[in-house]
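Visitor: The chain contents come next:
Number of protein chains: 2
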Amino acid sequence: MSELRRDPVLDRWVIIAADRGRRPSDFKPEPPAPPPSACPFCVGNEAKTPPEVYAVRDGTLPNTRGWDVRVVPNKFPALTIEGDITHHGIGLLDWMTGIGAHEVVIESPEHSFRFDTAPVEHMLKVIGTFGQRLTDLRRDQRFRHIIVFRNWGADAGASLSHPHSQIIALSVVPDIMKQKLRAAREHFRHKERCIFCDLIEQEIALPDRVIFKNDHAVVLSPFAARFPFEAAVFPRRHSHDFTLMTPDEQVGFIEALQFVLQRYVTELSDPPYNLMVQTAPNLVARPGRPDYWGTLAFDFHWHVELIPRLTKMAGFEWGTGFFINPVAPEDAAGFLRAPTEAPATVH
Amino acid sequence: MSELRRDPVLDRWVIIAADRGRRPSDFKPEPPAPPPSACPFCVGNEAKTPPEVYAVRDGTLPNTRGWDVRVVPNKFPALTIEGDITHHGIGLLDWMTGIGAHEVVIESPEHSFRFDTAPVEHMLKVIGTFGQRLTDLRRDQRFRHIIVFRNWGADAGASLSHPHSQIIALSVVPDIMKQKLRAAREHFRHKERCIFCDLIEQEIALPDRVIFKNDHAVVLSPFAARFPFEAAVFPRRHSHDFTLMTPDEQVGFIEALQFVLQRYVTELSDPPYNLMVQTAPNLVARPGRPDYWGTLAFDFHWHVELIPRLTKMAGFEWGTGFFINPVAPEDAAGFLRAPTEAPATVH
Numbered sequence: 000m001s002e003l004r005r006d007p008v009l010d011r012w013v014i015i016a017a018d019r020g021r022r023p024s025d026f027k028p029e030p031p032a033p034p035p036s037a038c039p040f041c042v043g044n045e046a047k048t049p050p051e052v053y054a055v056r057d058g059t060l061p062n063t064r065g066w067d068v069r070v071v072p073n074k075f076p077a078l079t080i081e082g083d084i085t086h087h088g089i090g091l092l093d094w095m096t097g098i099g100a101h102e103v104v105i106e107s108p109e110h111s112f113r114f115d116t117a118p119v120e121h122m123l124k125v126i127g128t129f130g131q132r133l134t135d136l137r138r139d140q141r142f143r144h145i146i147v148f149r150n151w152g153a154d155a156g157a158s159l160s161h162p163h164s165q166i167i168a169l170s171v172v173p174d175i176m177k178q179k180l181r182a183a184r185e186h187f188r189h190k191e192r193c194i195f196c197d198l199i200e201q202e203i204a205l206p207d208r209v210i211f212k213n214d215h216a217v218v219l220s221p222f223a224a225r226f227p228f229e230a231a232v233f234p235r236r237h238s239h240d241f242t243l244m245t246p247d248e249q250v251g252f253i254e255a256l257q258f259v260l261q262r263y264v265t266e267l268s269d270p271p272y273n274l275m276v277q278t279a280p281n282l283v284a285r286p287g288r289p290d291y292w293g294t295l296a297f298d299f300h301w302h303v304e305l306i307p308r309l310t311k312m313a314g315f316e317w318g319t320g321f322f323i324n325p326v327a328p329e330d331a332a333g334f335l336r337a338p339t340e341a342p343a344t345v346h
Numbered sequence: 000m001s002e003l004r005r006d007p008v009l010d011r012w013v014i015i016a017a018d019r020g021r022r023p024s025d026f027k028p029e030p031p032a033p034p035p036s037a038c039p040f041c042v043g044n045e046a047k048t049p050p051e052v053y054a055v056r057d058g059t060l061p062n063t064r065g066w067d068v069r070v071v072p073n074k075f076p077a078l079t080i081e082g083d084i085t086h087h088g089i090g091l092l093d094w095m096t097g098i099g100a101h102e103v104v105i106e107s108p109e110h111s112f113r114f115d116t117a118p119v120e121h122m123l124k125v126i127g128t129f130g131q132r133l134t135d136l137r138r139d140q141r142f143r144h145i146i147v148f149r150n151w152g153a154d155a156g157a158s159l160s161h162p163h164s165q166i167i168a169l170s171v172v173p174d175i176m177k178q179k180l181r182a183a184r185e186h187f188r189h190k191e192r193c194i195f196c197d198l199i200e201q202e203i204a205l206p207d208r209v210i211f212k213n214d215h216a217v218v219l220s221p222f223a224a225r226f227p228f229e230a231a232v233f234p235r236r237h238s239h240d241f242t243l244m245t246p247d248e249q250v251g252f253i254e255a256l257q258f259v260l261q262r263y264v265t266e267l268s269d270p271p272y273n274l275m276v277q278t279a280p281n282l283v284a285r286p287g288r289p290d291y292w293g294t295l296a297f298d299f300h301w302h303v304e305l306i307p308r309l310t311k312m313a314g315f316e317w318g319t320g321f322f323i324n325p326v327a328p329e330d331a332a333g334f335l336r337a338p339t340e341a342p343a344t345v346h
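Protein sequence lines correspond, in order, to chains X and A.
Quick note on numbering: numbering that gives the first Met the number 0 labels position 39 of the first sequence as 38, and the sequence is numbered without any gaps.
Quick note on numbering: numbering that gives the first Met the number 0 labels position 252 of the second sequence as 251, and the sequence is numbered without any gaps.
Same shape as in the complex, but just chain X:
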């Protein structure tokens, strides 16, 4: 059974997933990847994964061939799906049972599938699958927040090379989301406007840090980016929830996402990256036990964060929480935007 433990000084929760039972020798350099024929995510190997919880299929039977996108429970889950959330403590130390969901979205039967070059029709199926799983997992009142993320490349933490995303449902709202909700509520209280909408408008007006925009989406190089060539994709219409895009907005979002991913390939030689979908926490209405963070959900403005993994975290970052970014976000935007749109001042 996993545990969620609270650091008594930093007031920070950590998942202790000791079920994985790893010993020191498990952290030696990793063995070479298995050949594609042994890849558990490739078409024809459906029996090598736990039974699917969802798939985009054209009438074929579950756990057989004939799927476009397939969702299975993670074989080594960080959290346990079965059980109640119970709280415990000894002296200064607090913990709770590590209840949650941990699913894998196998994005294509093809081992060579890529987000940056996929047909829009297939990307719509992937995004639709994210939406279906978010909607389904939100029905479970134990889960307060759900995150969808994608690790591309071994240096970004992908343990299997077959393209996939992951979904984790948590029994607590994470600190980063709490701070985003707090800032959005505070701004709305003063101005009756969304802080993200205001930021997007200010950045489009400037527009040194705009990487790409169309009618539905904008890609920004964040003003205080922690990493070189970090980017964020925002919908231009205010919406707290990733699952509420219209079909046109979905196409606009995919165009924006694929633009910046293609620029990563050409400008940064296909770097490893992490992609995170930041959507509002669950609006659960538990009788007698309202969820404070859920009530702030409508203040949120969903977005997708992209971090290419080009630099290494070191002692300074771990010890202070401060980051050193060696590339000015304006310069990063200059390199990433379409060549014909690059202002003459960018070297």
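Calculated from the structure, these hints are not laboratory results.
Quick reminder that beta carbons are idealized off the backbone N, C-alpha and C, glycines included.
Warning: the hint list may mix true and false statements.
[Stated by the list, open to error] Chain A stretches covered by chain X per the calculated footprint, using a threshold of three residues with CB under 8 Å from any CB of chain X: (1) 6–15; (2) 38–52; (3) 170–183; (4) 218–225; (5) 242–249; (6) 315–321; (7) 324–338.
Got chain X sorted already, so can you dock chain A onto it with the hints?
Guide: Just chain A now, with coordinates in the frame of chain X:
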């Protein structure tokens, strides 16, 4: 000129060190390390670094041979030493000039020097050098906090293989230190006791997570460790300041630190690691502009954090601030403590 930029939503500061002028092509795989004869930190190559700001020498001239430990400014500093701290803003965006110090402590003339096997006499010189630089930099009233850290191995962010530590002096107190000070002050207000002293006492009584102890220092496997085999070295006597160790305490601290570093070598095959010295922020007394965090300094209990770099940060961690640790801290302590002291229950 570097800048400190504030993220308008996350209220988080980032150092934009664009002086380094890095282009996308600078992030391609790194070239092989230079041969030792070209190492700028090796004895005989003193002219290849900026002039030293401090050295442990036996009467020899600065920037010549004959040193045991040598401190030089970082050739590619993240922060600028010259100038005033000025604050700026446009709409939602805030920044200040990136003023600070960035020094390199070359720990030995020998390229093959190691912390885990160094003679105690030499380690005393290294620790004394940390203390001298902390004391000297604290005289500069622009600096509110100073961190000493050590990146061991390329995967831990060390860009040169010659053993060295770094010192960064900041014009702001970092968030992690603020939270530690806040928790310490809150605990003291309720109990008139130090939260770290209480934690150390509770952990020694338990003692599942004690890796090592002597009369002066204790090494703990933190209850909510974010990383497998993470460790923290605490002085057993309450003290807010790393520079205030007695000679006996220095020897006890070195014994404790070297114990756990030797166990990393034997149990984890000499992994890359980050070492961070967490000591209280500066007690500056600026007329008319008191420093709130400085007034909390005495509540702090200095310590050293150690993170072996065995796992990779991925989308879940970046997107939530939550960490997944696959090794229970009690199991980690079992593997790291001296073999003869391992309780029978540890497999």
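Visitor: Does each hint hold? Answer for all of them.
Guide: The hints, checked one at a time:
no.: 1; hint: 6–15; in the structure: holds (count 10)
no.: 2; hint: 38–52; in the structure: violated (count 0)
no.: 3; hint: 170–183; in the structure: holds (count 8)
no.: 4; hint: 218–225; in the structure: holds (count 5)
no.: 5; hint: 242–249; in the structure: violated (count 0)
no.: 6; hint: 315–321; in the structure: holds (count 6)
no.: 7; hint: 324–338; in the structure: holds (count 7)
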